[in-house]
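Peer 1: Listed below are the residues making up each chain.
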Amino acid sequence: MTRLILESTPKTPDVHFDRDSGIFEIKGMSCAEYALDFYRPVFEWMDGYMINPKSKTTLNVKLKYFNTSSAKCILQLLERIGKIQEKGFNIEINWYYSKDDEQMITDGENYSVILGLPINLVEIEKK
Amino acid sequence: MSSPYKGMSPNTIKLRYLGKVTFDLVDSLLLIVLKRLEEIEEDVNLRKKVYSIIMECSQNLCIHVDAQSSHKIYDIGCVSISVRKKLDGYKITSGNFISNERVSHLRETLDEVNKNATPEGLKKLYNKVLTNNNYSTKGGGGLGLIDIARRSNHKLEYTIDPIDDKYSFFKLKVSIKKNSK
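Each protein sequence line maps, in turn, to chains A and B. Counting from 1, one number per residue, gives the positions in the first sequence under my numbering. Counting from 1, one number per residue, gives the positions in the second sequence under my numbering.
If you're looking for bench data, these hints aren't it; they were derived computationally from the structure. You can take every hint at face value.
Here chain A is said to cover these stretches of chain B; the calculated rule only asks that three of the stretch's residues, wherever they fall, bring their Cβ under 8 Å from a Cβ of chain A:
| no. | region |
| --- | --- |
| 1 | 44-55 |
| 2 | 58-65 |
| 3 | 120-130 |
Straight line, CA to CA, 30 Å or less: simulated BS3-like cross-link-like pairs of lysine-lysine:
| no. | chain 1 | residue 1 | chain 2 | residue 2 |
| --- | --- | --- | --- | --- |
| 4 | A | K99 | B | K85 |
| 5 | A | K62 | B | K178 |
| 6 | A | K11 | B | K171 |
| 7 | B | K128 | A | K87 |
| 8 | B | K91 | B | K20 |
| 9 | B | K35 | A | K62 |
| 10 | A | K64 | B | K173 |
| 11 | A | K126 | B | K35 |
| 12 | A | K11 | B | K178 |
A quick note: this is a predicted structure, and the numbers were derived from the prediction, not measured. Ideal Cβ placement from N, Cα and C applies to all residues, glycine included.
Isolated chain A (complex conformation) (with noise of 0.2 Å):
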């Protein structure tokens, strides 16, 4: 599949994963009572995408909000994107947070500090 694209519900959220370009997108609210069960074919896909991924491979999580069970969901999907990098592939991971959301912004520096990876925080600009 070139890619997985999933249409957000109140309760999960958009994705939208490209292999052509690398670039994987994650966007809404993630607080389903049993994240894993939406997450399993994310990271299915995942997995065959990382036999062979592009040379570049950009994770823009643009979450408004994640539950606990969406939060070990979260960091299963961020660790492959660190697997990708130890592959000596490049990364990028953006992580995109509201003004004045505090514990989004914590909640992204803590997965960087679990998981050693460069995870760039960026406000979203209100229109």
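Given chain A, work out where chain B should sit, using these hints.
Peer 2: Relative to chain A, chain B alone:
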């Protein structure tokens, strides 16, 4: 003195639900709460903390409620959840029946959270559970109660009252103060 319109000021929220719970019902309640918080709470961080805690509490209720069991006096599938805005912040309470077999494990979890109830201690505990790669048989990641304490910046205040030889009632009270980091 009480009156039917007491508490009906434009900047408050007072919501209490007592009854059966389903995921759909929780979604509806959360939607109401979110919409109301956006209207009355200007502090983005406080709004998000309150919403997060209500979500974790209510999702915990859904995941852990033992709705299939029968009891001669109580409806074991019933839960209570409430949110109230106070002068200095918000108060959220949740309550559900729990089988006595699960009480010791729940108490251990609550006590572990409370033993580590400093910002640094809760961060360490949160990261320990976040990275353990374990999911409970009910699908939870075990982070809910830690996250509630982390966000409220307070110990978990709870009671577990024995009902009979099979069930107890677990009640969790969470206060979120304004300006708490």
